[in-house]
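A.B. asks: With chain F fixed as given, assemble chain G onto it according to the hints.
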Amino acid sequence: MPNATVKLYAGECNGTAGFKIGNKIFQPNELQEGDHTLDFEYEYGNEIVFTMFGKGNKDTKMKDGEVVKDKYIEIKQITMDFLILKNWQFHTYLWDPYFGKNETKVFKIPTRDNFPIWYMEVTS
Amino acid sequence: MVDVLFVSASLTFSSSAPAAPAILISMLEHAGYSGSFYDFNSYTKGDDNFKQYAISGYRPDNIIKFNQDFKYHVQKIKDLNPKFVGISVFTYQCQSTARLLCIYLRLLAPEIKIIVGGQGLSSVGVQGEHLGKEWEELNLCDFYVVSEGEYPIIDIVSGNHQNKTTWNQIQDLNEFPIPNYESYDLNLYTQSIPITGSRGCVRRCTFCDIHVHWQKFVFRSGKSIANEMIVQSQKHGIYHFAFTDSLINGSMKAYKEMCNVLADYNRTADQPVTWEGQFIFRPKNQMPEDVWRLSSAAGLNHVSIGIENLSESVRDHMKKKFSNEDIIYGTQCMQKHNITGTFLMIVGYVTDNEETLQENLDMYTRLSDFAPNTIRKVAIGTTLAILPGTPLEIQAEELGVTLGKTENDWSGPSTLETRLKWRSDIIKHATSLGFFVPENEEQQVLIDKLQKEDA
Chain F
1 MPNATVKLYA
11 GECNGTAGFK
21 IGNKIFQPNE
31 LQEGDHTLDF
41 EYEYGNEIVF
51 TMFGKGNKDT
61 KMKDGEVVKD
71 KYIEIKQITM
81 DFLILKNWQF
91 HTYLWDPYFG
101 KNETKVFKIP
111 TRDNFPIWYM
121 EVTS
Chain G
125 MVDVLFVSAS
135 LTFSSSAPAA
145 PAILISMLEH
155 AGYSGSFYDF
165 NSYTKGDDNF
175 KQYAISGYRP
185 DNIIKFNQDF
195 KYHVQKIKDL
205 NPKFVGISVF
215 TYQCQSTARL
225 LCIYLRLLAP
235 EIKIIVGGQG
245 LSSVGVQGEH
255 LGKEWEELNL
265 CDFYVVSEGE
275 YPIIDIVSGN
285 HQNKTTWNQI
295 QDLNEFPIPN
305 YESYDLNLYT
315 QSIPITGSRG
325 CVRRCTFCDI
335 HVHWQKFVFR
345 SGKSIANEMI
355 VQSQKHGIYH
365 FAFTDSLING
375 SMKAYKEMCN
385 VLADYNRTAD
395 QPVTWEGQFI
405 FRPKNQMPED
415 VWRLSSAAGL
425 NHVSIGIENL
435 SESVRDHMKK
445 KFSNEDIIYG
455 TQCMQKHNIT
465 GTFLMIVGYV
475 TDNEETLQEN
485 LDMYTRLSDF
495 APNTIRKVAI
505 GTTLAILPGT
515 PLEIQAEELG
525 VTLGKTENDW
535 SGPSTLETRL
545 KWRSDIIKHA
555 TSLGFFVPEN
565 EEQQVLIDKL
575 QKEDA
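Protein chains in written order, with my numbering: chain F, 1 to 124; chain G, 125 to 579.
In isolation and in its complexed conformation, chain F is listed as follows (with noise of 0.2 Å):
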């Protein structure tokens, strides 16, 4: 199975939060605040379930309607064969890399023989 390498930064406010990618998980708190590189596998085909948890009410710190401190995770690049998608690619063609909340994503890799297509649309 090909690996795939996911950087990501973890953002705090009272702790940082849970992360589960694909059966890979971070319990709150596990994660330090600031830039972490993590691994998953996949399959051609497959959809990796990103999830953020453990994140509550008072999590998000505001000053005069600004956000000045945040619990949440932003997803800022995926390195898998052939490819690195950045952040810019996930915006353009995948979905939001901010998890400001307890979410899911699913990042739906296509199957082999769809794959060059995709990866000419997410290069383009």
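Simulated from the structure, these hints should not be mistaken for laboratory data.
Keep in mind that this is a model prediction, so the values were computed, not measured.
In this text, a Cβ means the ideal position worked out from N, Cα and C, and glycines have one as well.
Treat the hints with care, since some could be wrong.
[What the hints assert, rightly or not] One-sided and incomplete, this derived list gives chain G residues near chain F with beta-carbon spacing under 10 Å:
hint: 1; residue: 179
hint: 2; residue: 183
hint: 3; residue: 184
hint: 4; residue: 190
hint: 5; residue: 195
hint: 6; residue: 223
hint: 7; residue: 227
hint: 8; residue: 228
[Said to hold, decoys possible] Just a few of them, taken from the derived set where beta-carbon distance is under 10 Å, the chain F residues facing chain G:
hint: 9; residue: 1
hint: 10; residue: 2
hint: 11; residue: 77
hint: 12; residue: 79
hint: 13; residue: 80
hint: 14; residue: 81
hint: 15; residue: 88
hint: 16; residue: 112
hint: 17; residue: 113
hint: 18; residue: 117
hint: 19; residue: 124
C.D. replies: For chain G alone, coordinates are given in the frame of chain F:
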């Protein structure tokens, strides 16, 4: 089953047969392995989707057909049953298609090992950053080769290759077997066969990266080159040869030796050989008229010459080492001996100014009697590109040059806007004198129209 199938990545517009696969196939066979060639570029270069993808790197308009066409070719490659596919990335414009070809092969034929090589894996000149390591890390390839592939290809098939970004220049070109074109469909190309007599250059021109990459000028014996031409012409029934060398008269000893053998051969051959290549003008004492006569008898019929600039002071700064009188002398000899030429030019050198522009214009006027029959073409190109590793890049600060985001976009003694104006002035002037300048837009429109009508 074939050990290595070489596949050319699109997009190269050249109508000549690619030289590298034939050289590498002969090396493999010499070492007891087998090799073959599939010219993916020739099969796809006329297709708008392939052109669009290669040039832009973006999804082509008809992505469904593009996908089907790619799969068709990958199936053809699979049918040839190779253990390794060696993807030849000839220029940077082949990078997008080469990358996609790696992906299709990985997905549809994961059992095939992928090798990538070719100068196109370096962007911005031969000293630019090489993509091999990145492609290996992204699992696009198993092996990558930087620069010369003769020995690495044997190491790869015999399991002794370590990917690395450094390389050692081959010092003796005489030890290699004659290139093998048997798996080529030679009808796909203009009727000429490529040949390599040397690598590197005898000059150290300030704008050029060839002498930085190939640090030593190495060359074959004249007899060995002539012998290859005679053998290949008899084998394939093709009698014209195109040299891939940076210059064919770098070693005058080897050059004259080759010319002597070919002139003797041509005197009695049913089908004499002819040839063309890149050339340097030399002063009369280094290249007397009898050598021009001998060259013509040996079959030389066209030379491409890096004149670069028609101002002597600019050429002196470039370290070109020939005078305006040498240009006139060489062109007169070409005319006398029925040898045509393409002048390769650079506009907007770092020491160019309004005065040197006028010197250029005056010299075009002086040379106009030779246009267009002897000087067939003047290739103006873009404007001076400052490439990585060249003396100009290294001395940029000293020359008052600030490098830009791209190789052409530098500033200092002149601006890009000024250089483009000089370029336009030269194109207009040369065209008005009867020179064929492909960069002239009106001429280009006419050429495109004629080509469409021919097709």
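A.B. asks: Run every hint past the structure and note whether it holds.
C.D. replies: Evaluation of the provided hints:
Interface hint status for residue 179/G: violated, as the beta-carbon distance to the closest one in chain F is roughly 13 Å, over 10 Å. A distance limit of 10 Å between C-beta atoms decides the matter here; for residue 183/G the minimum to chain F is near 4 Å, and the interface restraint holds. A cut of 10 Å between beta carbons decides the hint on residue 184/G: the least distance to chain F is about 8 Å, and the hint holds. Hint status for residue 190/G relative to chain F: holds, with the closest Cβ pair at about 8 Å, below 10 Å.
Of the supplied interface hints, the one on residue 195/G holds, with its beta-carbon coming within about 8 Å of a beta-carbon of chain F, less than 10 Å. Checking residue 223/G against chain F: minimum C-beta separation of about 8 Å stays under 10 Å; hint holds. A distance limit of 10 Å between C-beta atoms decides the matter here; for residue 227/G the minimum to chain F is near 5 Å, and the interface restraint holds. The beta carbon of residue 228/G comes within 6 Å of a beta carbon in chain F, closer than 10 Å, and the hint placing it at the interface holds.
With 10 Å as the threshold, the beta carbon of residue 1/F stays out of range of chain G, its nearest partner Cβ sitting at about 12 Å, so the hint is violated. For residue 2/F, the interface hint holds, the least distance from its beta-carbon to any beta-carbon of chain G being 7 Å, beneath 10 Å. Hint status for residue 77/F: violated, given a least beta-carbon distance of 13 Å to chain G, over 10 Å. The beta carbon of residue 79/F comes within 8 Å of a beta carbon in chain G, closer than 10 Å, and the hint placing it at the interface holds.
The interface hint given for residue 80/F holds, since its Cβ lies 8 Å from the closest Cβ of chain G, which is under the 10 Å cut-off. A distance limit of 10 Å between C-beta atoms decides the matter here; for residue 81/F the minimum to chain G is near 5 Å, and the interface restraint holds. Using the Cβ-Cβ criterion of 10 Å, the hint placing residue 88/F at the interface with chain G is not satisfied: the shortest such distance is roughly 15 Å. Against a cut-off of 10 Å between C-beta atoms, the interface hint on residue 112/F holds, since the closest Cβ of chain G lies about 5 Å away.
A least Cβ separation of about 8 Å between residue 113/F and chain G falls short of the 10 Å threshold, and the interface hint therefore holds. This hint holds: residue 117/F has a C-beta 6 Å from the nearest C-beta of chain G, less than the 10 Å allowed. Annotation: residue 124/F was flagged as interfacial toward chain G, and the flag holds, the nearest CB pair being 4 Å apart, inside 10 Å.
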